[in-house]
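A.B. asks: For reference, the chains in residue letters:
Protein chains: 2
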Amino acid sequence: MEVRNRYVATRRHVEGAPTEADFEVIEGTARWSPDSGEVLVKNLFLSIDPYQLNRMKVTSASHHAVDGILPGQVIINQPTAIYQTPCSIQPWPEMLLNRLLRLRRGRVCERTPMKRIAAYTAGEVVASASPEYAAGDVVVGVLGWEEYSLFDPSSPAAAATVHKVSTGGGGGFPLSHHLSVLGTSGMTAYGGLFEVCRPAKGEKVFVSAASGSVGSLAGQFAKLAGCYVVGCAGTQAKVDLLKDKLGFDDAFNYKEEPDLKSALKRYFPDGIDIYFENVGGEMLEAALANMNTYGRVALSGVISEYTGAGRRAVPDLLEVIYKRITIRGFFAWDFLPKFPEFGAVIGEWIREGKVQVLEDVSDGIDSVPAAFAALFRGQNVGKKLVKLA
Amino acid sequence: MEVRNRYVATRRHVEGAPTEADFEVIEGTARWSPDSGEVLVKNLFLSIDPYQLNRMKVTSASHHAVDGILPGQVIINQPTAIYQTPCSIQPWPEMLLNRLLRLRRGRVCERTPMKRIAAYTAGEVVASASPEYAAGDVVVGVLGWEEYSLFDPSSPAAAATVHKVSTGGGGGFPLSHHLSVLGTSGMTAYGGLFEVCRPAKGEKVFVSAASGSVGSLAGQFAKLAGCYVVGCAGTQAKVDLLKDKLGFDDAFNYKEEPDLKSALKRYFPDGIDIYFENVGGEMLEAALANMNTYGRVALSGVISEYTGAGRRAVPDLLEVIYKRITIRGFFAWDFLPKFPEFGAVIGEWIREGKVQVLEDVSDGIDSVPAAFAALFRGQNVGKKLVKLA
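Protein chains in written order, with our numbering: chain A, 61 to 449; chain B, 61 to 449.
Any given hint could turn out to be false.
Because identical chains cannot be distinguished in the list, a pair is counted as satisfied if it fits within a single copy or across any two copies.
Claimed, not checked - The calculated lysine-lysine pairs, modelled on DSSO-like cross-linking and capped at a C-alpha distance of 27 Å, are:
1. K117 with K325
2. K321 with K117
3. K325 with K305
4. K315 with K305
5. K261 with K414
6. K325 with K283
Everything labelled a hint here was simulated from the structure, so no lab data went into it.
Let's have the full structure, built from the sequences with the hints guiding it.
C.D. replies: Structure follows, in structure tokens:
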């Protein structure tokens, strides 16, 4: 079986803010055969995430965790660096750890787009040479920015990162949710808030990029934890959304604040206990200046520093010492052992209407470059997805 | 009873590197009466610590934790900001917490030097109007940079911060040790390493300012925890001391390294797991670039940033995120509930000769300004103390 398969590739390394011209959509072919052991998936939704930019640079700290992307190569999201147990987190289940270790050791950087490796998507099985999957199954996993993906369920990579989901009736959720609130965005917000920050009722929480995929959830989760929550965003419409739809206690447009330190002082007269950081730069400095003793900063992302558009944060380390602040970098995969708990808790919150899911969906593979570039112009509201077919 | 009492005061706020001219030694009088309830202490050793500089500035983050010092005022070290429980640390014993809360609420910023408040010293009781103390008792506590100190044992401040020690024979230690290895320097090293960093055997530990009061102990403690330890210092003599006397696996002179990132890459080909940070600035950036996944930075001090001599650190936050690094500010008083454990463990290590104690002692109250200024010129080796009488 052979299908026409269009995929997104970078034309060059991307160093500043990405533009559509940095990408091209290439037409290729996906070939599946009944004796391959492989599963052919028609992708229905692709996840578009800011952190992918770091992998498109010639070099960045991202490359420690996941390989950089070479121009012309299919864009992959594979969590290959998850091979170590953080000291303050529950140990990984041994089996999973071993799988991922094998995955890391055995992985080869694939350059031909059809021999796919991975990138986060949701799709439907159209052909399967594996007894574990049948045509019609709906799957979510680390597949690719492409119309069709092939994976081998017997490979450790696929076993660790692809799973079936039920959608629609019977307690199921819209497929797109599995890439947003029930996917890594939700896990980033959940793990960052509950595992990294451990909020106590009544604590004061500041969320930057609060209308984004992660921020919009982190803020709502903090409200559910009984915290006082203020978010910032870059337009009045987003500010209204945070207050009116997402239940933030307050919100402000950072672009209209000439002095972020003073702004935060106004919104947090009693100081900030928890800062859920998605922005970096001056925003981090202002937050640190307003933090309380034993404050915690969950370093989820620093989008202003990804593009080099804003200047890097120059934190006052005396603030960090004297206030005994903890700053911790993390990402969703750190909390993989918590996925079942997470799915159950968030699923219930969604069913009860306690969490609003913001998804910002573009159509068609050709829209991927624009969708990605828009993230860095603050043009998305909630999780950016591309719907295929 | 009235004794001549000389004390050290600042002439002005100190903003850059301190010099002797920033201070003056003032002659005053300490008055004690039998019906005062007070104890009169003749100070024998004064503790000289870099962090005191932050309190001498017009403003700094230090002032959140302890009051700033006004020119002409006696220099105090009182740990008044210890009023909250960090989320990741054992709760304080309730009683102690309440005492400190009262202390904080009731405290008045004293301007007259003789009505003393506090500064870290060790001394001998010469007169007591309290049944808890008798002439001849040896005490350590938050007293002052002065020849004589008065304290009221019934005050929460004194109850929380002053205690009797035994010195000499019978398992006792030299009095000076109670201000160095058995005092806050030791507790900073112990708490920072074991509580903040939680080293595992075989982990790679980097200590900056490694021949200083805290660094010299943190490095030795890390060796006792089975780690590979490299320190940096600012002279060849200090480097030799680290390797030959303190048992560091390796050490280097940072002043002879044009590129700190490359230097650390050489000394840590397998990366740094733990960075015990005393310096800040470029050193922190270089350490982050060389850290491993799930690395921990214990932010004990940033002496290069205290004086504004070095530029502030501009950490690459992508390193922090992708390597899932934790940076945590702390100070010794955070670990007060661990003092008994700490004293027992370290005491045993000293008796067994497993820990070398470096003390750098000047003579007389007149030497305090020079001793303090010398800290910022890297002229001390180990804990800086001033011996009186």
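A.B. asks: Okay, which hints does this one fail, numbers in order?
C.D. replies: Checked against the structure, no hint fails, so every one of them is satisfied.
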